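Enquirer: Residue strings, one per chain:
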Amino acid sequence: MNNFTIGKYLPLDSFVHKLDPRTKIIMLLLIMGAVFIKSGWIGYFIILGFIALSLILSKIKISYVLNAFKPLIMMMVFLIVINVLVIKEGNLIFSYGFIKIYDKAILDTLYISVRLLIMISASTILTMSSNPLDLTVGIEKLLKPLGRFNFPYEDVAMMISIALRFIPTIIEETQKIMNAQRSRGVDYEEGKIKEKIQAVLSLIVPLFSTSLNMAEDLASAMEARGYIPQEPRTRYRDLKYNIKDYIVFLIGVLLVVLLVWVSYYAI
Amino acid sequence: MNIIEIKNLKFTYDNKEVILDDVSLEIKKGSYTTIIGHNGSGKSTLARLIAGLLDKSGGDIWVNGLLLKEENLKHIRKEIGIVFQNPDNQFIGSSVKDDIAFGLENKCINPKEMDDIIFKYASRVGMENFLDKEPHLLSGGQKQRVAIASVLAINPSIIIFDEATSMLDPKGKKEIKDLIKNLHKDSDKTIISITHDIEEAYHSDYIYVLNKGKIFKKGKPNEIFNNSKELNNIKLDVPFNVKIKEELEKNKIKIESYNSVEEIVENLCRLKLKN
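Line by line, the protein sequences are chains A and B.
First residue of the first sequence? That's 1 in our numbering, and the numbers climb one at a time after it.
First residue of the second sequence? That's 1001 in our numbering, and the numbers climb one at a time after it.
Bear in mind the hints are in silico, worked out from the structure with no lab data behind them.
Be aware that one or more of the hints could be misleading.
Pairwise CB distance ranges (calculated) [said to hold, decoys possible]:
{"id": "1", "chain 1": "A", "residue 1": "F69", "chain 2": "B", "residue 2": "D1014", "range": "45 to 55 Å"}
{"id": "2", "chain 1": "B", "residue 1": "N1226", "chain 2": "A", "residue 2": "P11", "range": "54 to 64 Å"}
{"id": "3", "chain 1": "A", "residue 1": "E190", "chain 2": "B", "residue 2": "E1230", "range": "26 to 36 Å"}
Keep in mind that this is a model prediction, so the values were computed, not measured.
Beta carbons: idealized from backbone N, C-alpha and C, even for Gly.
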């Protein structure tokens, strides 16, 4: 289960790490929005440059970010192939049997690839440079205005933080059950599809039942320690905006303004 | 003064399976009471009923003079802290300090004061050097110690240990038992320990023996353990020192006291010297 390191928090001491998680979340949202401004290649280069800069400032090795792409390669290849084959606009540049490839298809596909590259690397930088606990507090604070519309933002944040807390416990439990089933002769690596499905079932059923027990115990423990949903509580972990955060926020807004300007005047 | 009074308590699942039947007991303020019983005797259910985590089917529970019912629940919860059996499933925070902070957050304590309180109670259980550690990096015994610190931080007057040592290795078990003993010695907290550890029960102030949902026997440890046959009949053992005492008596050897194995060894050695 060592491949679980994708997007995992890397506790480093850097400028990006010290930013308020709220700032980072907003920046991610701004970049995600900016990707869809039609500012052509100039725009994409500006955004990529911005991401490269934040990567350097976060002191995260580029290989870590590239690792995050690994599980997505199949999906991206699939997307690119479908796109190239389906879009039928522009000039025909290649034809073989029923396969017809147009120049606009290639261009559009390149755009999509770059967009994906930008979004994935930006979100990877966010999760790698922010402590999940602070990130949860950040999400809670950002969702707070929705509380006015009866959105249970505190409960949502509590659920996220409990989910994060229990990921290692559940992985441990999974390994325990797998070992227990292996010792009873279950083979997880080899066998026909039917046998493999049975093997997975032998893992899922006990995992579900232990998870349910865990949830019940946890609920009792929370209740016993005085947790009442929807009641006011204080927060141990609090966030504070710094001058740095305002500057980064300003840069983010300027970036979007620049891209909008590029989309109107430069192309 | 009795801090907990229970009268004719009944608990059934779906009106069919009777878990507790007509249980009445009193627990003195500041005492260390153990409730022992075989699996399925209803002892854990009793703990959950006292803390208001389950709804009783009949009878009454008074905690600190307050009748346990919906309106008083919030007050009663503040009086009672529970340390549960499974060390993993009661670890709520993502790190030691977050876990201790959880109860403080619920009590609406000012975040600025929390660090001091966390350090105080983490030191009390010897976990002050692990404050930033995540639960999967701690041993079972360490997690239980954190659970005790978390409960202490809420400052309840009653602490219930619901088989808190049963999932630990021998070393962890000993650590937690010693911690409970010290806690009883150093504070005025009432301690209720639900256990099937006979040795632990032997060192408590008062024992209730539960069997099949009924109180089978109650009394001071010496009174409870003077009849091993009776306890063996309900699948409970007697402490090792009591067993030695019985065997010695069979052989007509009398020594002064039997409180611990060490004492017995010492007394037996003296016996030899006298002869």
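Enquirer: Hint by hint, say whether it matches the structure.
Expert: Each hint tested on the structure:
1. A:F69 to B:D1014: 45 to 55 Å: holds (54 Å)
2. B:N1226 to A:P11: 54 to 64 Å: holds (59 Å)
3. A:E190 to B:E1230: 26 to 36 Å: violated (57 Å)
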